[in-house]
Every structure is written in structure tokens, then in C-alpha cells.
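Novice: For reference, the chains in residue letters:
2 protein chains.
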Amino acid sequence: MSRQYWSKPLFDLVPYTPGEQPKIVDLIKLNTNENPYPPTPAIKHILAEFPIDHLKRYPDPESSDLKNCLAQYHNINSDNVFIGNGSDEVLAHVFMAFFRQENPILMPDISYSFYTVYCNLYDIKYQLQPLKDDFSISLEDYAQPNGGIIFANPNAPTGRALSLSQIEALLKRNSDSLVVVDEAYVDFGAQSAIELTQRYDNCLVIQTLSKSRSLAAQRIGFAIGNPELIEGLERVKNSFNSYPLSSVSQKMAVAAYQDENYFQETVTKVINTRTWTQAELEALDFEVIPSKTNFLFVSHKTLDAAKIMDSLRAKGIIVRHFSKPKIDKYLRISIGTDDQMERLIAALKTL
Amino acid sequence: MSRQYWSKPLFDLVPYTPGEQPKIVDLIKLNTNENPYPPTPAIKHILAEFPIDHLKRYPDPESSDLKNCLAQYHNINSDNVFIGNGSDEVLAHVFMAFFRQENPILMPDISYSFYTVYCNLYDIKYQLQPLKDDFSISLEDYAQPNGGIIFANPNAPTGRALSLSQIEALLKRNSDSLVVVDEAYVDFGAQSAIELTQRYDNCLVIQTLSKSRSLAAQRIGFAIGNPELIEGLERVKNSFNSYPLSSVSQKMAVAAYQDENYFQETVTKVINTRTWTQAELEALDFEVIPSKTNFLFVSHKTLDAAKIMDSLRAKGIIVRHFSKPKIDKYLRISIGTDDQMERLIAALKTL
Chain A
0 MSRQYWSKPL FDLVPYTPGE QPKIVDLIKL NTNENPYPPT PAIKHILAEF
50 PIDHLKRYPD PESSDLKNCL AQYHNINSDN VFIGNGSDEV LAHVFMAFFR
100 QENPILMPDI SYSFYTVYCN LYDIKYQLQP LKDDFSISLE DYAQPNGGII
150 FANPNAPTGR ALSLSQIEAL LKRNSDSLVV VDEAYVDFGA QSAIELTQRY
200 DNCLVIQTLS KSRSLAAQRI GFAIGNPELI EGLERVKNSF NSYPLSSVSQ
250 KMAVAAYQDE NYFQETVTKV INTRTWTQAE LEALDFEVIP SKTNFLFVSH
300 KTLDAAKIMD SLRAKGIIVR HFSKPKIDKY LRISIGTDDQ MERLIAALKT
350 L
Chain B
0 MSRQYWSKPL FDLVPYTPGE QPKIVDLIKL NTNENPYPPT PAIKHILAEF
50 PIDHLKRYPD PESSDLKNCL AQYHNINSDN VFIGNGSDEV LAHVFMAFFR
100 QENPILMPDI SYSFYTVYCN LYDIKYQLQP LKDDFSISLE DYAQPNGGII
150 FANPNAPTGR ALSLSQIEAL LKRNSDSLVV VDEAYVDFGA QSAIELTQRY
200 DNCLVIQTLS KSRSLAAQRI GFAIGNPELI EGLERVKNSF NSYPLSSVSQ
250 KMAVAAYQDE NYFQETVTKV INTRTWTQAE LEALDFEVIP SKTNFLFVSH
300 KTLDAAKIMD SLRAKGIIVR HFSKPKIDKY LRISIGTDDQ MERLIAALKT
350 L
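Same order as they appear, the protein sequences are chains A and B. Position one of the first sequence corresponds to residue 0 (numbering that gives the first Met the number 0), numbered consecutively onward. Position one of the second sequence corresponds to residue 0 (numbering that gives the first Met the number 0), numbered consecutively onward.
Please keep in mind that the hints were generated in silico from the structure rather than gathered at the bench. Since this is a predicted model, take the numbers as computed values, not measurements. Possibly wrong hints are sitting among the right ones.
Identical chains share a label here; the pair holds if one copy fits it or two copies do between them.
[What the hints assert, rightly or not] Straight-line C-alpha distance at most 30 Å; calculated DSS-like pairs for lysine-lysine:
hint, residue 1, residue 2
1, K7, K124
2, K300, K348
3, K171, K291
4, K55, K306
5, K43, K55
6, K55, K328
7, K250, K43
Here chain A stands alone, though its shape is the one from the complex (with noise of 0.2 Å):
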């Protein structure tokens, strides 16, 4: 009975679940908004020829080369950049620097479901804002006191994004709390707020290399913002773990970002899938909800959502359902390729 060694709060803590990451290889995976195109080709060369020799070495703990090449990608200075094990832990890292605050910070109550998880484990304050009917962001219900705002844009699992024009009225209306946007899904259709992080002090932005860069299995995320956000985050990683990023990973995701042709050519081959995706289920008689995403989220005039699922994954077909109030009738479906989103299309006509 050694739970009598647990802290406290542990028995409180309700952890995440992630998608399902099944161990069968013939799946079509469309559970958890991975890219179906593997990263760029380049990748394989830095694999072959990485100098195993230096691996007995301590990577560099502040990933400068990425830092670097971020800064240059996105036109800003490396001190403008945050880099973690994934976004998940740079929004943990976020979480415990900024949001422990006297007031509550605002999030839609549908969104990122690992953002409740940190308050949970940070003991922070949260106060969740309805979505809109259509599943948009009711914005003037951001207008109250708060210890700051996080929200992911595009939106998950919905798909809608806010334009840039509604985040910078966000930012004016709030300079006195801290706006994160987490632009996980960004590079599908939506706009980066990273410029606004060059003009509003109470911005920051998360992105990661596990959607349109393909680079899920390096955990790899980063955060823009301006100087003093990034030292704070900073200040927690280093009083967590000096060296979150492996060399190997450091070294993949520049790659990642040095070909810039291969992730246009990607990402257009998603868009250009989601659209004919859209249109099929359209015609099957679903509901799709506007995506900027590598994902549909979408529900059945007449089917139910959790059978569906049921049915799909009987026929190797794997989508995401949330057993979750007011998303119960929706499914998630991630952007495979033109292949596997013909036999997804095929498989629910025989429903």
C-alpha cells in the first residue's frame, strides 16, 4: 500500500488521455491529427549521418541552431524563442509561469483538452467560455477580469479559426493579462499570430513540428513572444530539465524548416484532400465544420457518432469520438491521404 507515499494533490490529478497509438500497422489512423506524409526526405541523410560519437555528449541545452533558424523562418530574433519536448510541455512550462494567478484564466469550454489537465496539476484558477452554437468563439465573453487566456487556433477538435484582426482586438482589449494562442494546427489554412508577438507585449504563441512538419514521433514545440515571457519560461525549464530537446531532434527539426518546398508541396496536399473529404461526407449527408485543420470535425443528420466510430474501426478505420457534452454528435477525422480518404468514404457508404 504505497499510495501512503503520494503528495496529496496526486490523488486529485486527472491526467490526459491521448488518442490511441494502436500497435496494429494495417490501421488507417485518423485518431489523433497526425501528417500521412512523412518529413522531408533530408531527414533520412542527417539519420544516417549523425556522428554517434557525439552522442555520448550532453545535447545543447538552449537548442540555439533551432532557436536560430525559427528566428530567421519567422523573421523575429532568437531571444523571441522558447523551444520544449513537444508543445505539450512548453503549454505545461506556460502554465506554471504565467497562469498561476488570482483571477481565473478564460479558455472556450471546448478546446485542447489538456489545458483543465495543467490547471489541475498547477492548481490554477480556470473559468471555461461556451462556444458559439456553430462551435465559434464568443468573444465579448473574453471581456471580464481574468488572469490571462488561452485558446488554440485554429480550434480543436472544431476546426474554425479566429482572423487575425479578432486576436489583436483580443490583445488591445486585454494588455493587462497574458493571450496564448496555440497555433498547433496553424500551417493548415489559419493566420500566425507570431507578428502580433512583434507588437503586442501580452502575446505569445505555441506551435509545434508534430502536424504540418510531420516530426510527431521527436517531440518538438516551440513558443514566440517577446523577451521577458521567453526568460520566464526559460527560468522554469531550468529549474525542470536544462536539456529538454535530444541532438537528433534539434538537428531533424531544422532540417524540417530548411525545406521549405517539400512543406508547401504537404500541407497543399492536405488542403486539397480535406476539400474532396469535405465534399464526399457532405454528400453522405454529414455535417462538416469549416476546418483551417488537418482534420474534419463532423456530425451525421441521422447516424450516431460513437457507432460510427464503432463501425469504422471494425473495418480498420480508426477517427476520434469525445464523449463530451455538446460534441458527443461529432466526430474527428484527421486528413490521410487521397487513399485512405477513399476507402473512409467507401467504408461509410456501406453504413
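Take the given structure of chain A and dock chain B to it, following the hints.
Specialist: Just chain B now, kept in the frame of chain A:
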């Protein structure tokens, strides 16, 4: 002035300072206790043959293959194993999960300096217990009410180790609190307490692949203890970052444990070089604390430690000095190759 967005506790955080990772290639780097030898040559093939198509997918969040491998290697069950992004992350989760108690935790005044940083990060009360004059741990000081106990064995930066029977006595005397044994250096000559985790519910052992397994670049650490301690750590991990270890690191780690001959061979070489270096240093009027690690903690009878460090640096050799009471007369010198240590001794002879 965006420090206004910092959480209040952030202003009081004092981060850990890791040893310098200089970017100059020619230096003899004896300051961060890295292994002088590369990891098993099998890693070369793992990298060259890694299917880059798998990089688009999230890694196994449980690191199941690595857990099974460690369970087999240490003759325990896989539910006795917790995996993290370096032992620093594992330690951070340990402090969060178990050390937020009403009584202060106890630790040696001279030990891995990250321990007090975690206390600061998670607002944990602690009490430092002074080492004896010969730098051994004074076990009687730990016979008092406490919220937990942590120490490195062998201890760093001293190099001294407790015996298993001493640790067992400590576990018996403290059955109401958790005793964490940080075994980062254990493979270089001390006895592991892993077998004690099978008989004492209050024993948790931490190890790393950064030292004896030559994989510092990849950030891989683990904890071994009874299933309910592991469950507590998983709960924190899954409230922080579901996927701490990259796919590439998981594979490398397994390979490191599958090449036992290479491991034994390189560890033996380090120990032999340590024996030679100790004798040479003693002949040069250094006092050398008996070491069970891959470093030596040494003090010269007449020369000032910080000055020796500076002179060595001028000759391209980096060692570590801690400007801390009680140990500021000492240098910590990592064990390099025979050639590197011969050059160190030659440099010292010129002082």
C-alpha cells in the same frame, strides 16, 4: 515590461546551472561527467535504418519496449518501471508526486544541486543534513520525522557511496516515508538498490542512460519502484506530457541494454583509468576522495582549486569547480580516455 505577466512565484525561482557545454571542439571536456566512449556501435545501424515514415506518428507514450527491456535486464516487472526525458525529468516528477508533504524532506547538504531547485519550483520544504568531514553521509541525521529522503548514491560531486546494508537500514528506519536513491553513477563501482525496491515499498531508484550508457545526447532516464509509486509518477507524467520520449530515443535505449559486452568493456576501461588517474594525482599532492563514479573529487594540498581550474582551461582542459562552502577547495574531474587523462596529468605537472 512584460514581467507583469509572470506568476508571482516565478520571480523567486533560482534555476539549476548545468556545467558548461562549450562549442569549441578541441577542448578536453572533463566537466560534466560524460562517458569518454561512444554508445554501442549498434546505434549506428539503428539510426541509418530508422524508417523515417514512422517519424510522422507519435511515439509509444508508454515506451513499452524500453520498459520491457529494463524489466528483463533488472529482473523485475515492467510495472516497476517509469521512463522519462532524462533522469532530471524523472526527478522533477518524483518531487511533484511524492515530496509535497507537511514535514520537510531530508537530503545531504552536498549533493546534486538540482534537488533544492525542484523544492523551490514546487514549493517543497527541505532540510539539508551536513555530510561528515570525510564527505560520507551521516546516517543518524536521517532518523527524524521527515516528508521523504533523497540522496545520490554514489553521491555527487563527492564520489562516495553507501553500501546496500546502510541503505536497507535507512529504509527500515523510515518506513513511513519515501527514500529516493539517485543512482546516476552506480555502474562505475557501487551497488544498486534496485533489489531493495522489490522488498521495500518505500524505496525508489532513479537511473540514467547519460553516463555509463553514453547516451547523454538523447535524454533518457528511469525510475524503478513498486507499482503504486510508478502509478503516481505516470499520473504526473500524463498530466504534463503524455509522450516524453522520442521514437528514436526509445530504440537507442533498448540497443544500449542489448549490448552487455560493450557496456562491461567501457565501464571497466573507465574504472581502470580512474585508478591510474587517482594514483597520479596523489603523487602530485592531491587529496582524492575514494570514488565509485566516473569522476574524481580532489583537492590540492597547497594550490587553490579555482586557480588550478583556470590554468587548466588555459591549456584547453575543462574541469568543474563549485564555489560553495565546504567544497570550494575541491575540483570535480570527469574520467576521460587514457590519453586525455595523461594530458591532464602532464598539464598539472607544469603548474
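Novice: Each hint needs a verdict: does it hold in this structure or not?
Specialist: Tested hints:
1. K7 - K124: Both. Shortest intra-copy (18 Å) and inter-copy (15 Å) distances satisfy the 30 Å Cα cut-off.
2. K300 - K348: within (14 Å within a copy, 85 Å between copies)
3. K171 - K291: Cα proximity of K171 and K291: one copy only (25 Å, versus 59 Å across).
4. K55 - K306: between (51 Å within a copy, 28 Å between copies)
5. K43 - K55: both (21 Å within a copy, 13 Å between copies)
6. K55 - K328: between (51 Å within a copy, 29 Å between copies)
7. K250 - K43: Cα proximity of K250 and K43: in one copy and across copies (12 Å, 16 Å).
The earlier numbered hints are all upheld by this structure, with none contradicted.
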